[in-house]
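Enquirer: Sequence:
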Amino acid sequence: MERVPSSGTENAMYRLGAELAVRLPRRPSAVGSIGLEVEWLPVLASAVPVGVPVPVAVGEPGLGFPFPWSVCRWVDGANPRVEAVPGGLGREVAGVVAALRRVDVAGAPKSYRGEALTSRDRRMREVIAGLGGVLDVDAVTKAWAADVNEYAGAPVWVHGDLSPGNVLIRDGRLAGVIDFGCMGLGDPAVDLIIAWNLLGERESFREALGVDDAMWARGRAWALSIAIMQLSYYTWENNPGLVANSHHVVRQVLDSHGLEPGPVVGVPGAEGVGGPGGRE
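Just so we're aligned, residue 1 is where the sequence shown starts under UniProt numbering, counting upward by one.
Read the hints as simulated data drawn from the structure, not as lab findings. Any given hint could be a false lead.
Claimed, not checked - SDA-like mimics (lysine to any residue), calculated; alpha carbons at most 25 Å apart, straight line:
no., residue 1, residue 2
1, Lys110, Arg123
2, Lys142, Ala154
3, Lys110, Val31
4, Lys142, Asp121
5, Lys142, Gly258
Given the sequences, and given the hints that come with them, work out the whole structure.
Expert: Spelled out as structure tokens, the structure:
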């Protein structure tokens with residue numbers, strides 16, 4: 001057994017030999033994903049063109065550990081960093097997103113992020129206002145207001161959390177996608193968040209998926225919303241990886257809107273904004 005370093009918040013990860021990994025929920029909210037992954041990850045793994053951590057066993061609470069836990073296949077690779085994204089990664093991730101969208105939705109669960117983006121509007125404005133001194137409240141509010149719009153289409157399968165810590169590369173190519181705890185049915189724009197939290201060159205990703213202006217705006221708004229909520233909850237002390245990447249997202253979103261952010265507090269340079277590993 002070997003502990004896997006991670007900026008993830010839901011599970012502690014351990015390498016088990018060469019082929020397996022053990023996932024131990026850190027809190028009750030993470031337990032529900034175990035059953036979902038046992039049921040649905042084999043289905044999704046057969047549809048997507050890269051490695052997926054399919055569960056092979058479920059453990060029961062015991063010996064002082066209060067939650068069920070799981071053993072899954074180890075997907076070999078490393079997390080990409082925003083300052084060194086391999087060329088072509090955007091199109092490779094787009095292939096995974098497109099494959100998920102083609103999976104049959106019959107009986108599928110709702111994604112953890114399956115609510116309408118517009119339902120976040122009031123809460124987002126409150127949280128942004130509370131982050132004065134951490135970010136440029138006026139600029140971020142303008143960016144959010146410009147992008148939030150209603151999705152009128154049918155829900156599709158989404159990963160729900162395509163962030164640097166949940167993408168694996170090997171030999172300069174996409175090797176796997178992990179942490180499907182947010183998977184389920186939702187607005188396809190949710191899976192566009194990687195365009196702002198990782199990809200520097202976004203147009204090939206957008207082109208490969210055929211994304212229209214309204215969906216692109218929603219994807220950008222989803223990325224901003226997730227980043228803002230993380231900044232309101234985590235700190236440089238308890239999760240520097242997520243905080244750094246959240247600031248990166250805010251900068252990318254404001255830049256894409258042509259908005260110049262005012263001074264912000266404690267934002268590092270580009271180095272390290274991908275986080276110190278991110279498995280789960």
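Enquirer: Determine for every hint whether it applies to the structure shown.
Expert: Now for the hints, and whether the structure bears them out:
1. Among the hinted pairs, Lys110 with Arg123 is consistent with the structure: their alpha-carbon atoms are about 21 Å apart, no more than 25 Å.
2. A distance of roughly 28 Å separates the Cα atoms of Lys142 and Ala154; the hinted pair therefore is violated under the 25 Å criterion.
3. The suggested pairing of Lys110 with Val31 holds, with an alpha-carbon distance near 16 Å, which does not exceed 25 Å.
4. Of the supplied pair hints, the one linking Lys142 and Asp121 holds, its CA atoms being roughly 12 Å apart against a limit of 25 Å.
5. Proximity of Lys142 to Gly258 is assessed by CA-CA distance (about 11 Å); at most 25 Å being required, the pair is judged to hold.
Checked against the numbered hints given earlier, this structure breaks only hint 2.
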